[in-house]
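Colleague: If you want the building blocks of each chain, they are given just below.
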Amino acid sequence: MSRKRLTRRQFVAATAMSSAALITAPYVRGAYAAGKVSIGFWDHWVPNANDASTAMVKEWAEKEKVEVSIDYITSNNNKIQLTVAAEAQAKSGHDILQMPTWWPHAYSENLEPVNDVMEPLIKLNGEVNGTTKYLGQVGGKWLAVPATPGSQIKGPCSRIDLMKKHAGIDVQEMYPAGAPAKADNWTMETFLKAAEACHKGGNPFGIGLGETTDSVDTAGAIFQSFGAELVNAKGEVTVKTDAVRQALEYYKKLIAFLPPDAPSWDDASNNKWLISGRGAMILNPPSAWAVAKRDAPQVAEQCWTHGFPAGPKGRFAPFLPYFWGLWSFSKNKEAAKSLLTHLSQPDSIAKFVAASGGYDLPAYANMTTLKTWAEEGPPKGTLYHYPNPNNHQTLSIAASPAPPKIAQQIYFQATLTKMALRFAQGEKMEATLAWAEGECEGFMRS
Amino acid sequence: MREPPGARAAPIAGSRPNWAGFAIPLQESDTMADVVVEQGHTVSAARARKPTSLRNILGRKSTVAFMLTLPLILLVGLLVLYPALYSVHLATLNKSMQKFVALGNFQFLFKRDTFWMVVKQSCIFALTAVFFKALIGFIVAHFVHNIPGKKQRKWRGMLLVPWVIPPAMSTLAWLWLFDPSYSAFNYTLSLFGIGPVNWLGDTFWARFSVILVNVWYGAPFFLIMYLAALKSVPDQLYEAAAIDGANWWQKIWYVTLPMMRNIIAITALFSLIVTFANFDIVRILTSGGPLDKTHLFATWAFKVGIEGSDIPLGASVSLFMVPILAIAAIFILRDVSKRGNEA
Chain V
4 MSRKRLTRRQ
14 FVAATAMSSA
24 ALITAPYVRG
34 AYAAGKVSIG
44 FWDHWVPNAN
54 DASTAMVKEW
64 AEKEKVEVSI
74 DYITSNNNKI
84 QLTVAAEAQA
94 KSGHDILQMP
104 TWWPHAYSEN
114 LEPVNDVMEP
124 LIKLNGEVNG
134 TTKYLGQVGG
144 KWLAVPATPG
154 SQIKGPCSRI
164 DLMKKHAGID
174 VQEMYPAGAP
184 AKADNWTMET
194 FLKAAEACHK
204 GGNPFGIGLG
214 ETTDSVDTAG
224 AIFQSFGAEL
234 VNAKGEVTVK
244 TDAVRQALEY
254 YKKLIAFLPP
264 DAPSWDDASN
274 NKWLISGRGA
284 MILNPPSAWA
294 VAKRDAPQVA
304 EQCWTHGFPA
314 GPKGRFAPFL
324 PYFWGLWSFS
334 KNKEAAKSLL
344 THLSQPDSIA
354 KFVAASGGYD
364 LPAYANMTTL
374 KTWAEEGPPK
384 GTLYHYPNPN
394 NHQTLSIAAS
404 PAPPKIAQQI
414 YFQATLTKMA
424 LRFAQGEKME
434 ATLAWAEGEC
444 EGFMRS
Chain Y
-2 MREPPGARAA
8 PIAGSRPNWA
18 GFAIPLQESD
28 TMADVVVEQG
38 HTVSAARARK
48 PTSLRNILGR
58 KSTVAFMLTL
68 PLILLVGLLV
78 LYPALYSVHL
88 ATLNKSMQKF
98 VALGNFQFLF
108 KRDTFWMVVK
118 QSCIFALTAV
128 FFKALIGFIV
138 AHFVHNIPGK
148 KQRKWRGMLL
158 VPWVIPPAMS
168 TLAWLWLFDP
178 SYSAFNYTLS
188 LFGIGPVNWL
198 GDTFWARFSV
208 ILVNVWYGAP
218 FFLIMYLAAL
228 KSVPDQLYEA
238 AAIDGANWWQ
248 KIWYVTLPMM
258 RNIIAITALF
268 SLIVTFANFD
278 IVRILTSGGP
288 LDKTHLFATW
298 AFKVGIEGSD
308 IPLGASVSLF
318 MVPILAIAAI
328 FILRDVSKRG
338 NEA
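So the sequences go chain by chain: V and Y.
Residue numbers for the first sequence follow our numbering, so the first one is 4 and each next one is one higher.
Residue numbers for the second sequence follow our numbering, so the first one is -2 and each next one is one higher.
No lab work stands behind these hints, which were simulated from the structure alone.
Predicted model only: the values in this text are computed from it and were never measured.
Don't be surprised by glycine CBs; every beta carbon is placed ideally from N, CA and C.
Just to be clear, a hint being listed does not mean it is correct.
Here are the computed lysine-lysine pairs in the BS3-like style, where the Cα-Cα straight-line distance is at most 30 angstroms [claimed, not checked]:
no.: 1; chain 1: V; residue 1: K336; chain 2: V; residue 2: K136
no.: 2; chain 1: Y; residue 1: K148; chain 2: V; residue 2: K431
no.: 3; chain 1: Y; residue 1: K108; chain 2: V; residue 2: K243
no.: 4; chain 1: Y; residue 1: K96; chain 2: V; residue 2: K431
no.: 5; chain 1: Y; residue 1: K96; chain 2: V; residue 2: K237
Covered stretches of chain V (chain Y as the covering partner; in silico rule of three or more C-beta atoms under 8 angstroms from a C-beta of chain Y) [what the hints assert, rightly or not]:
no.: 6; region: 104 to 114
no.: 7; region: 267 to 279
no.: 8; region: 322 to 329
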């Protein structure tokens, strides 16, 4: 019996094949062949909006054979921020965690760069706005992926009837549904006159002067429209400038026409102000209008969401994006990146927007004209201008362009509203500026 | 008195230790060993046997006590000691938590005006609130003490309600009462042509409101402690005082207060610690505003540490409470033990 001799070449080939088979064996696609991924979403306040997120994740999980666990974490009482801090400290937790505004920068050391996710998404969905880049990037590196759920613009939501009656302004004519804005005359001066007229008419604008985000975001947009920066992009303190002085003078005039209890307002106060029918305008995403649809339909059908007034240095609107961060300690980064890509596809974005009744905003340029915003009502078209479809205004965040870690301190210490309030309550301009300068110097610590 | 040698010997064969550590004989059905107990002294053939040291240790009263408290010690260690030490560690790091800065965070804080404002406000808040809680608790305890039997139980139950409701919930109810635009208080005051009062938007009224809610919440604790103390004051002392012609004020000043001094000191200390560390009332009512004028250590630490993502600085702010409270505790407890020794 002749015995076949194994050549060296055959031996190498057989070894290579067996090794390859051994290595790939665990990845044979079983039910959950691609491992596990966990994701923590922001718990949406719109009823059933979470269901859309769950459905999208499940659809992806079945296709990719990944076992996914989903948690919904509320932002009430900063629960989501606490979760981010806890997971970053413990180096353990979800693979993907949704985080608001400043948090990608705050925990940049713990986040996996996602340029490989973002570059194809930008090609697909269009360029992202400046605020998203400012908050989501460091040195050209994407820290997180902009999340559609929860991202919002806090523009004016006006009462059509009261603005006409007291201020003689037709907001629907200024911001027509389905057409570009005709708002060249919608300036800070017009805004001030309208605030005065509505105050005299018994329906003051509902703008808070407290320390919560709605108050701070409004102050941020007004300061920016005057070109007022407390700290510039290089990290230099620039409090004592004419632009800051002008912004404070303007705010002092405006505060005279606001409700006297505005210094104690929180983020719910302006919503209540609109829904109760007492105010002619608030500066808020359409959540107040959505609640009014249920609780006060006669108010809701008179609401119109539109753009911010323009100041000497431009027209700015507060934009607060959420992000999906992928932790560097995630155990299944490739699968997590695939999920993030899935959640940012045009179809997924449209589903998020529809499920939230138009509240959620994508950060991408090609995604601002979805049919949800054109069709939502009553009145029909009330949300058409909410996503800034004609790039009519610059989307910004208070305290920018200061380096984000400094800006975060200015933002959460509500330095802008405190300055405005101190000056309006009779403190001398230079004393207010000196106080703010001292605060900003304190925020520089690293 | 020292026990004679061998009196607290370890359990010996044929016996089991009782709580006092002495050996008691087992029943005949248990063993056939011949054991004699004579006035607590065990005399047996096994006496000569040297007890093992483990048995000796386990038989000690102090060991049993230690074992019984061990679960609590572990719990305290895990939930109190570890976080406390960890916060000390955090307070020594820089903002990004990558560098050891020793006391650098405290040096930074000492230069901040807002920090000193928070220190001042915390002291105003805690001292005022504790004073009024003690005063109201003392007065109401006297009223309740004078209510006869069954009715007193009902009143005690009702007056404890604020203390048993979770403070976050009851504070939300207060928030609605103080609501900037729809305050129930202002509505009521308007019926008398008064107001509106800017409860949470004006510095004075905002401080008043947070202190008021804290007093409302905490006074029942003082009430119940003082009531218990009042019940332990012997009636004979009041009778003797009455015979001596003491009026009501003199009875309080010369009888009630000296008899209650220790309980007043201890309750004041406990309340001072809890009030200094208060978070929920201020957080819910004012979030520290207007213009930071109602911030306390805990709320400002949260603002700086969690909202501002500067956890080491937040830890330093909250740790600053420790020396203040430690000094208060030393003085109060020293006074209590001095009076205890006098007694």
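Colleague: Could you run down the list of hints and mark each one as holding or not?
Modeller: Results for each hint:
Between K336/V and K136/V, the direct Cα distance comes to roughly 22 angstroms. Compliance with the 30 angstroms bound is thereby established for this hinted pair. Under the criterion of a C-alpha separation no larger than 30 angstroms, the hint pairing K148/Y with K431/V is inconsistent with the structure, at around 60 angstroms. Note on K108/Y and K243/V: the hinted pairing holds, with a Cα-Cα distance of about 21 angstroms set against a maximum of 30 angstroms. Straight-line distance between C-alpha atoms of K96/Y and K431/V comes to about 40 angstroms, which puts the hinted pair past the 30 angstroms bound.
A threshold of 30 angstroms between alpha carbons decides the hint, and for K96/Y with K237/V the separation of about 24 angstroms falls inside it, so the pair holds. Counting residues of the region 104 to 114 of chain V whose beta carbon lies closer than 8 angstroms to any beta carbon of chain Y gives 5, which meets the minimum of three for the stated coverage. Using a Cβ-Cβ cut-off of 8 angstroms, 7 residues of the region 267 to 279 of chain V lie near chain Y, which meets the minimum of three, so the contact claim holds. Coverage of the region 322 to 329 of chain V by chain Y is violated [criterion: at least 3 residues with CB-CB distance below 8 angstroms; count 0].
When the structure is compared with the earlier hints, violations turn up for hints 2, 4 and 8 and for no others.
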